[in-house]
Amino acid sequence: DAKTTQPTSMDCAEGRAANLPCNHSTISGNEYVYWYRQIHSQGPQYIIHGLKNNETNEMASLIITEDRKSSTLILPHATLRDTAVYYCIVSPAGGFYGGSQGNLIFGKGTKLSVKP
Amino acid sequence: GAVVSQHPSWVICKSGTSVKIECRSLDFQATTMFWYRQFPKQSLMLMATSNEGSKATYEQGVEKDKFLINHASLTLSTLTVTSAHPEDSSFYICSARDIGLNPGELFFGEGSRLTVL
Chain S
1 DAKTTQPTSM DCAEGRAANL PCNHSTISGN EYVYWYRQIH SQGPQYIIHG
51 LKNNETNEMA SLIITEDRKS STLILPHATL RDTAVYYCIV SPAGGFYGGS
101 QGNLIFGKGT KLSVKP
Chain V
117 GAVVSQHPSW VICKSGTSVK IECRSLDFQA TTMFWYRQFP KQSLMLMATS
167 NEGSKATYEQ GVEKDKFLIN HASLTLSTLT VTSAHPEDSS FYICSARDIG
217 LNPGELFFGE GSRLTVL
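If you're matching them up, the sequences are chains S and V in order.
So the first sequence is residues 1 to 116, counted in our numbering.
So the second sequence is residues 117 to 233, counted in our numbering.
Isolated chain S (complex conformation):
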């Protein structure tokens, strides 16, 4: 079962920041927070991930609370092409670090609609 809770849907005006919340109150110490998005009829696209520090890349920023029980994905200037389902996932880092096989368990995600 997914270990995260996200709102079912959100709207955002084009050009404004989109803030997508995620609750993961049962996160373990070795689990990362991953964000992926899925545009209709395409495979999921990696956005960003983090452990406890805030992270930023060319796509988005990830803000993780100090207790790590929740996080927020920020798209600073949403465009129409950002309309997608956004998935927040917690999982141990797999593969190279051993342990988990590295698969991800997807929840229902948040359907973000960016409107002109």
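None of these hints come from the bench; they were simulated from the model.
All of these numbers come straight from a predicted model, not from anything done at the bench.
Wrong hints could be hidden among the right ones.
[Said to hold, decoys possible] Far from chain V by the CB rule (all over 12 Å, computed), these chain S residues: (1) 23; (2) 28; (3) 66; (4) 82.
[Unchecked claim] The calculated label-pair distances, taken between Cβ atoms and stated as ranges, are: (5) 11/S - 125/V: 23 to 33 Å; (6) 80/S - 132/V: 38 to 48 Å; (7) 169/V - 57/S: 31 to 41 Å.
We put the CB at the ideal spot given by N, CA and C, even for glycine.
Start from chain S and add chain V according to the hints.
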């Protein structure tokens, strides 16, 4: 970033036939690939973990004899839906992790839409 490619993108077949879907890591080696299935308006469900050179690991409720997985090389995994039926119609997505790069990023293919008539 790393690229994972699936083929075919979509396929329509008659009930009772078998369909093979390929998943390739184009610029990295993947000892492990994952196969997901997604029904309309639902989230991705992990079906199985494909391990290079060994048997796949299937999730509970997924029939290993119906969904045959072969991972013969470090860049190719195949999923064969045997004796397909209309209820197997779905969006099948593979993913792989490039352990040589950022271990936290799982790369996904474009997906393969299967329609069984």
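Consistency of the hints with the structure:
| no. | hint | verdict |
| --- | --- | --- |
| 1 | 23 | holds, 17 Å |
| 2 | 28 | holds, 15 Å |
| 3 | 66 | holds, 21 Å |
| 4 | 82 | holds, 18 Å |
| 5 | 11/S - 125/V: 23 to 33 Å | holds, 30 Å |
| 6 | 80/S - 132/V: 38 to 48 Å | holds, 43 Å |
| 7 | 169/V - 57/S: 31 to 41 Å | holds, 34 Å |
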